[in-house]
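Enquirer: Sequence:
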Amino acid sequence: MFIKLDIAKTFDKLSWQYMRSILGAYGFDRKWINWVMNLVSTLFYSILLNGSPSKILQASRGIQQGDPLSPFLFILMAEGLSRLLHHQAALGSLCGLQIHDGMDKQTHQKFVDDTMLMGHPSIQEACVFKNCIIQFAKASGLEVNPLKSQVFFLNTPGITQRNILRTLGFPRGSFPSKYLGFPLS
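Take the sequence shown: its letters are residues 6 to 190, numbered as in this note's numbering.
Mixed in with the good hints, there may be bad ones.
Have a look at the derived ranges for each label pair, beta carbon to beta carbon [said to hold, decoys possible]: (1) 98 x 54: 48 to 58 Å; (2) 61 x 91: 41 to 51 Å; (3) 143 x 29: 16 to 26 Å; (4) 163 x 26: 35 to 45 Å; (5) 54 x 34: 10 to 20 Å; (6) 104 x 165: 14 to 24 Å; (7) 152 x 127: 18 to 28 Å; (8) 151 x 125: 13 to 23 Å.
I should point out that these hints are in silico values taken from the structure, not numbers from a laboratory.
Heads up, the beta-carbon is just placed ideally off N, CA and C, and yes, glycines get one too.
Build the full structure now, drawing on both the sequences and the hints.
Expert: Have a look at this one:
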């Protein structure tokens, strides 16, 4: 099975505490982390109401979409999900999917905010994916959009497909589809 994830409102939901923790886990110098955190956390807003500005409202999370630093930071933050999936595979909780002989089993493919999960079509594998998604969402503040995410099946019995769809809460995808602008068939 393939699970195409859509991470909703990626830039304005990101937890600053998660960001600080991930940057620290990567070994970035504390001074550099403080610079980055100052860049993303000193954002403020003021609303014009009847022509008069309101009190200054300080943002409490998120990063600015369009900021040149944002894609770099998002890629680092999304690595948390990748590491969680790798950990589950190392524990034997995720089987992954072997695309062809001689290639290692794959559990996911990422490109910026596009994520494709790959695994054996079973309820157990779907439950592990779901738990990883939930843990990542709680830690990072990022959420998966269940209406735009999709599950694709190859040679999977109908009853298994229905149980996996029910477990994940995502709609069934159909081929042909696109991932990163490339056709999947």
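Enquirer: State for each hint whether it applies.
Expert: So, going through the hints one by one against the coordinates:
no. : hint                  : in the structure
1   : 98 x 54: 48 to 58 Å   : holds, 52 Å
2   : 61 x 91: 41 to 51 Å   : holds, 42 Å
3   : 143 x 29: 16 to 26 Å  : holds, 19 Å
4   : 163 x 26: 35 to 45 Å  : holds, 43 Å
5   : 54 x 34: 10 to 20 Å   : violated, 42 Å
6   : 104 x 165: 14 to 24 Å : holds, 20 Å
7   : 152 x 127: 18 to 28 Å : holds, 24 Å
8   : 151 x 125: 13 to 23 Å : holds, 22 Å
Hint 5 alone, counting from the list given before, is not met by this structure.
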